[in-house]
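Using the sequences plus the hints, can you model the full thing?
2 protein chains.
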Amino acid sequence: MDHYPSKLFEETVSELAKLPGIGKKTALRLTLFLLKQSVPDVESLGNAVINMRNNIRFCKQCHNISDSELCEICSNDQRDKNTICVVEDVRDVMAIENTTLYKGTYHVLGGIISPIEGIGPDDLTINSLVKKVSDNKVKEVIMALSTTIEGDTTNFYIYKKLKDHNTKLTTLARGVAIGDELEFADEVTLGRSILNRINYEDYLVK
Amino acid sequence: MDHYPSKLFEETVSELAKLPGIGKKTALRLTLFLLKQSVPDVESLGNAVINMRNNIRFCKQCHNISDSELCEICSNDQRDKNTICVVEDVRDVMAIENTTLYKGTYHVLGGIISPIEGIGPDDLTINSLVKKVSDNKVKEVIMALSTTIEGDTTNFYIYKKLKDHNTKLTTLARGVAIGDELEFADEVTLGRSILNRINYEDYLVK
Chain A
405 MDHYPSKLFE ETVSELAKLP GIGKKTALRL TLFLLKQSVP DVESLGNAVI NMRNNIRFCK
465 QCHNISDSEL CEICSNDQRD KNTICVVEDV RDVMAIENTT LYKGTYHVLG GIISPIEGIG
525 PDDLTINSLV KKVSDNKVKE VIMALSTTIE GDTTNFYIYK KLKDHNTKLT TLARGVAIGD
585 ELEFADEVTL GRSILNRINY EDYLVK
Chain B
405 MDHYPSKLFE ETVSELAKLP GIGKKTALRL TLFLLKQSVP DVESLGNAVI NMRNNIRFCK
465 QCHNISDSEL CEICSNDQRD KNTICVVEDV RDVMAIENTT LYKGTYHVLG GIISPIEGIG
525 PDDLTINSLV KKVSDNKVKE VIMALSTTIE GDTTNFYIYK KLKDHNTKLT TLARGVAIGD
585 ELEFADEVTL GRSILNRINY EDYLVK
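These protein sequence lines are chains A and B, in that order. My numbering puts the first residue of the first sequence at 405, with every later residue one more than the last. My numbering puts the first residue of the second sequence at 405, with every later residue one more than the last.
Hints are computed from structural coordinates only; laboratory data are not their basis. All of these numbers come straight from a predicted model, not from anything done at the bench. All C-beta atoms, glycine included, are put in the ideal place defined by N, C-alpha and C. Misleading hints may appear alongside valid ones.
[To be verified] Per label pair, the in silico range of CB-to-CB distance:
hint, chain 1, residue 1, chain 2, residue 2, range
1, B, 495, A, 543, 56 to 64 Å
2, B, 570, A, 424, 49 to 57 Å
3, B, 445, A, 608, 48 to 56 Å
4, A, 608, B, 411, 36 to 44 Å
5, B, 442, A, 480, 29 to 37 Å
6, A, 576, B, 455, 40 to 48 Å
[What the hints assert, rightly or not] Here are some of the chain A residues that sit facing chain B, going by a computed Cβ distance under 10 Å:
hint, residue
7, 422
8, 455
9, 608
Structure, rendered in structure tokens:
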């Protein structure tokens with residue numbers, strides 16, 4: 405039971421401590437930091453957060469975060485609408501976009517199936533993906549979820565939903581990371597990279 | 405050069421990444437968390453921060469954070485106004501208050517002297533402390549700063565400013581922490597705790 409010298413101060417500490425990974429000590433430190441910043445600086449932080457929550461939208465096609473009804477990628481004529489990469493959230497879209505190697509579009513699930521956290525298939529945008537595949541001539545669905553138990557479960561659930569449609573289902577290549585020493589690769593990854601070995605000429609092209 | 409799918413999203417990430425100890429990855433994670441919270445919850449975070457910065461005050465006597473002109477401790481008749489404990493910031497006040505063993509008042513410096521961070525004596529409330537000691541019959545000033553180079557420097561600076569006044573200058577007892585095994589105490593602390601040993605009966609009273 406800490407005794408705070410100010411209600412305003414206490415409220416800020418307790419609000420910040422609600423954020424994931426931020427305990428009370430960190431919240432105190434952040435609050436003291438904010439007190440030392442200028443009023444406009446603190447207002448721009450507070451307003452950015454409120455503004456975003458109130459005005460952000462989700463692309464009606466891929467469900468990615470967007471400032472308009474259709475995100476930049478879905479509204480871009482240059483992007484292949486018949487190749488869809490299924491990802492967990494916006495961070496994955498940003499990571500793949502940063503490679504500049506992908507010219508298709510995305511489908512953002514908004515999470516992965518996780519019974520422990522109480523997230524089931526209906527909490528995600530899986531039905532919308534199935535509908536998209538049924539309604540359109542989607543050539544390929546690339547399942548690009550994390551290789552965790554939850555990611556694999558979600559991949560398999562999507563696979564079962566889509567396997568009877570006339571659509572190619574692929575997943576990211578798993579293997580030894582480029583630049584990594586072979587001896588430090590884990591056994592499972594190394595084993596897969598031998599089984600799924602690729603033509604050397606295909607590798608040279610990259 | 406990340407390509408964000410939304411300006412609103414990007415603004416929140418970049419505002420959060422300005423906080424100390426929060427990098428871009430953490431800011432992204434926090435922003436995604438905020439997006440999943442309800443509008444009232446996010447508004448109460450944003451408004452708490454803005455509200456605090458705009459309306460918080462500092463006690464005109466001890467400079468601690470306060471909601472009014474005089475903080476609760478300085479306006480409490482039961483507290484000894486002639487014993488002043490000098491601390492770095494509000495966290496130290498809260499830590500000492502939690503012991504419930506101190507009945508004096510405080511003087512919050514607002515930092516410690518740190519040439520590296522460009523903080524000199526004039527950036528702190530040292531002059532106000534000296535004035536308080538000159539003007540009033542202060543019995544005792546307890547210097548309770550951290551035992552770091554900066555803390556020791558600040559202690560010594562205050563000591564030089566106050567030593568010619570008719571006021572007792574003390575500092576916190578340093579020694580082996582209660583509950584700690586002797587063999588794990590560092591040499592400097594252990595050495596000090598032998599030199600500054602106390603009467604056993606005084607220890608029993610605590």
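Right, here's what the structure says about each hint:
Checking the proposed 56 to 64 Å range against residue 495 (chain B) and residue 543 (chain A) shows it holds: the Cβ atoms sit about 59 Å from each other. Between residue 570 (chain B) and residue 424 (chain A) the beta carbon distance is about 54 Å. The supplied range of 49 to 57 Å therefore holds. Between residue 445 (chain B) and residue 608 (chain A) the beta carbons are some 53 Å apart, a value that agrees with the proposed interval 48 to 56 Å. In this structure the supplied range 36 to 44 Å holds for residue 608 (chain A) paired with residue 411 (chain B), their Cβ-Cβ distance being about 40 Å.
About 33 Å separates the C-beta atoms of residue 442 (chain B) and residue 480 (chain A), a value consistent with the hinted range of 29 to 37 Å. For residue 576 (chain A) paired with residue 455 (chain B), a C-beta distance near 46 Å keeps the hint of 40 to 48 Å intact. The beta carbon of residue 422 (chain A) comes within 7 Å of a beta carbon in chain B, closer than 10 Å, and the hint placing it at the interface holds. Interface hint status for residue 455 (chain A): upheld, as the beta-carbon distance to the closest one in chain B is roughly 6 Å, under 10 Å.
Interface hint at residue 608 (chain A): violated, since its Cβ lies 28 Å from the closest Cβ of chain B, which is beyond the 10 Å cut-off.
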